[in-house]
Amino acid sequence: MFKPVSAKVSVPAVEEEQLDFWRQKHIFERTMDERRDGPRYVFYEGPPTANGKPGTHHVLARAFKDMFPRYKTMRGYYVLRKGGWDTHGLPVEIEVEKELGLNHKHEIEAYGIAEFNEKCRRSVFRYITEWEKLTERMAFWVNLDDAYVTFTNDYIQSVWWILKQFWEKGLLYRGKRVVPYCARCGTPLSSHEVAQGYKDVADPSIFVRFPLRDEPGTYFLVWTTTPWTLPGNVALAVGENVDYVLVEGPTADGEGSERLILAEALMSAALNDPEAYTVVERFKGRDLLGKHYNPLYTFLPVEQDYAYVIAGDFVSTEEGSGIVHIAPAFGADDMEVGKANNLPVLMTVDPDGTFIDAVTPWRGMWVKEADPLITQELAGRGLLYRTEIYEHSYPFCWRCDSPLLYYARDTWFIATTKYRDKLIELNQTINWVPSHIRDGRFGNWLEDLKDWALGRERYWGTPLPIWVDDRTGDMICVGSVEELSRLAGRDLSDLDLHRPYVDEITFPNPNGSGGTMRRVPELIDVWFDSGSMPVAQWGYPFANQELFREQYPADYICEAVDQTRGWFYSLHAISGMLFESVAFKNVICLGHILDINGQKMSKSRPETFVEPWQVFDAYGADAFRWYMYTSGPPGEPRRFSMDLVAEVMTKFWMTLWNTYSFFVTYANLDNWSPAQEAPPAAERDPLDRWVLSELHNLVRRVTDAYENYDVPGATRPIQAFVEQLSNWYVRLSRRRFWKSEDDSDKLSAYATLYECLVTLAHLLAPAMPFLSEIMYRNLVASVDPSAPESVHLASWPEYNEALIDSSLMDTMALAQRLVSLGRAARESANLRVRQPLAKAAFAVRFPAEKEALESLQGLVASELNVKQVEVLDNAGDVVSYRLNPLPRLLGKKFGKDFPRVQKALREGDPEQVTAWAKALLDGQPVTVTLDGQDFEVMPEECEVRQEAAEGYAVAEEGGYMAALSTTLTDELVLEGLAREVVRRIQTMRRDADFDISDRILVAYQASGRLAEAIQAHEAYITGETLADVLEEATPTDDGFTQSFTIDGETLTLNIRKAA
RNA sequence: GGGUCUGUAGCUCAGAUGGUUAGAGCACUCGCCUGAUAAGCGAGAGGUCACAAGUUCAAGUCUUGUCAGACCCA
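Sequential numbering from 134 applies to the first sequence in our numbering.
Calculated directly from the structure, the hints in this document are not laboratory data. Quick reminder that beta carbons are idealized off the backbone N, C-alpha and C, glycines included. Mixed in with the good hints, there may be bad ones.
[Claimed, not checked] DEER-style ranges, computed between Cβ atoms:
(1) Thr-649 x Pro-766: 18 to 26 Å
(2) Asp-534 x Glu-414: 41 to 49 Å
(3) Glu-934 x Arg-259: 53 to 61 Å
(4) Gly-647 x Gly-423: 42 to 50 Å
(5) Met-608 x Asn-475: 32 to 40 Å
(6) Asp-943 x Gly-1181: 43 to 51 Å
(7) Lys-158 x Leu-233: 43 to 51 Å
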């Protein structure tokens, strides 16, 4: 006996039961323990930060992370799933600053770095319980008890070790980098801080004349919105392929003429009075390269050559003049072309945002305040051409609201560019899903690789382990606590490796002749932390050397697509530079979750915001997960709402549940068990053979999809199969289960449906861990003591090629199509399905289909409730023909002539068409002659459509036709009425809440033809309704009584349970 | 400003290699069926396949451009 399964079910309740079972039996731990000798499959968990609540997008990522470890476990692999937490970085600091009401770095230092960092450490796990609850509830199996945590000394020490490897390879260096910088707060801002602070503002912008050194009276016309950067100017940039012009026009005072160089496309926008100028010469940007101009200012000494024209691919002809002023200290592009051309960096501004003393006219002045004064000063020298107001969006500090400056700071870099070719080469071996990421978003990023700016001037993070001699500048990179202890001359194994404690460690220069070594103030980028996890999660190389080797690199990782430049990159770069190996072999990049309107889901729009727990509580985790897998390609953004999960519930979860419930109900009634012998598959009913063929084909498809990391391919076909199983196989087989004789057909039906359900439980296990477990435990584990206790400990199913019969599958698809057409024909003639008809005739497209139809005629006949099924008879039933040449075949064959041939066949003379049609149906080729040219058409190249004669109800689609004979004999009418009576008794049984196996007594009173029908079909009616007695009698008060009118006849029925 | 991706019915999505009259599910209307079902079946309505040019006998599909959205970078 199986445990009874009610069709009514509370999904969250049954899922909670499974959670209890897994907890009590330690199933998750056992998925690893029992596979310990298996081959390794390695999954890396991209560490989330637990200082915010997990949301729907986390369910998405975790659902995708979970399925492959589960699948591979079922394939016999040992899959260690170590969790991890990302704990350092600015987002954590910002939370704590808010909490403490701190706004500036100096306030943090006044508060105390030790206390501040202690707050950070504690705040990291603020929502850890929420994360753990969510992870468990959705059944993401990852080991959180033994998770790696990036703030531990062991982790930091491994990161230090990596940095030291890079140091020894000469990859760590100090250089200048332009960063968005708030001068008032004295700190650079990270990109997400900058993104918060954009505002639309109107700034003054100016066009300035830069006089050519060798051509007096000629000027470059240059546009800028930041006059304060002009004292830092060292070059001008042009687009090499942009068209430029030299124009001549009047000077401002109208007393002479001057010559200006600017982009041709911008003449009308940039020139004061474009009509007044004439073009003297045209050239490309590249013709201007190297031309010198006289610098506007010379506040700082310069040794190398400068103040000439260079090429910049960022030069735009959308606005300005097409000639861009370059100040490497104050722009990222500027810095880059400056480096490339060996230009100086003129640092004219102090870190507090005021001009340095050397800039004498404006020394000590806040740069933005100096803007109008500089403009004035240029005007005084006749170099100002024009001023205007420019509206654009500009970033402001989100804390203090002052405008950010782009400002060059000294910082530490990793020379990733030295490994660029290696990283590109390694990337080619990674399987990216979707595949375009490899050479697109990620590949482009590697092509444009810049050195990794590693340093952060902050507090809560991994300290950069470089100590500098305060006298000689000698540097040491420390790679372990042991090494630091040795240098400091004392045991530091208990030292907290964070600031401020690590800053307090100083020591004399080990070369004996220097001063004191002190740590540099920087921390490192948190992305370096998470990218180090393949090594640092094990504390390698200080511990777990074996484990590391066995768990590197990862077979599979999965995160959202924004990690392309985040974790995916940091993993890849560190791994490539450290080991010249990839860190991961397969990766799925997920698109983002959007709300139902296609906008980013936000709590500020509560009507479209969905919390994960709402979904778990309403529909459970399986339906939630299933939606994520099946709703579209993984890399695409997906819209999300409760209703979409509800659809999964009714269309898939419930359909499968009820098929399962149906099976268990009848198997228990019949005392069936899987131990009972059933006929071999080949000897079973065609319906059984068909569904088994579909099943084994499904196993093949799903397995292939899993092997290719194709998630929709591993899930959507299961849904389609379940639909077929429920609405075709079970619906058509129902009678086989409730026939009372224990014959071999019934055993075949049970064995077939059982195999389908058990196989489905396995195929679904990685995607729907709950429902698959419920089914498996009841159908398998409860009856077979030797079977694994959980489906997640079981083996993945194998398919049997011999059972896959593609012609049977085609045949069944044809039968379904013809039945559907037959129903449409009934509809058109208003013939209800309960009314039996004498005949259904079909037109099919190919001779093979004729045989197929014949092999399933019983099934088609019973579905359509007709006595006879046949293929249309050309002689009698068909009145006309139409021809439909098939473009796929004939288009290629006839090329340009195809449209003419097509027209001739489709719209030709009816007599000719009939002759052609008959020939084609006989398998003969026909020849179409057009303008003396012959075109031979083979039977398979042209479809023949047939139209039925009078007396048929007809429906047609795509070359197929169903024709139902509409003539009703007395006999058919009586049979139809008997079915009406059966249906009404069945409805009454159900309304009376009888058990499906209860036997009943029926009394009736009926008029005319109804009475006749009941008498004629008494055995049929009693058999269908489990009636012991069917007698004409006056209804008593006993039992249930109801009256009906059917086709004008009256009927009163009384039913009660038999004793 | 640059890169990658996307745009097919009111909604969610399918539509190798160009080829018949562009499909499914949901939702809506009408009808049917029901000893498993939160169900099932049939019909109706709903599409200038974002737009425009081009290649081709033939374009949702290929090319180019434009527009819109998402993400990343600047």
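The hints, checked one at a time:
1. For the pair Thr-649 and Pro-766, the supplied restraint of 18 to 26 Å is violated, since their beta-carbon distance comes to about 59 Å.
2. For the pair Asp-534 and Glu-414, the beta carbons lie near 48 Å from each other, so the given range of 41 to 49 Å is met.
3. Here the CB-CB span from Glu-934 to Arg-259 is close to 55 Å, well matched to the stated 53 to 61 Å.
4. A beta carbon spacing of about 45 Å between Gly-647 and Gly-423 agrees with the range 42 to 50 Å that was offered as a hint.
5. Distance hint check for Met-608 and Asn-475: the Cβ-Cβ separation is about 25 Å, which falls outside the suggested range of 32 to 40 Å.
6. Between Asp-943 and Gly-1181 the beta carbon distance is about 45 Å. The supplied range of 43 to 51 Å therefore holds.
7. Taking 43 to 51 Å as the suggested C-beta distance range, the pair Lys-158 and Leu-233 conforms, at roughly 46 Å.
In summary, the numbered hints that this structure violates are 1, 5.
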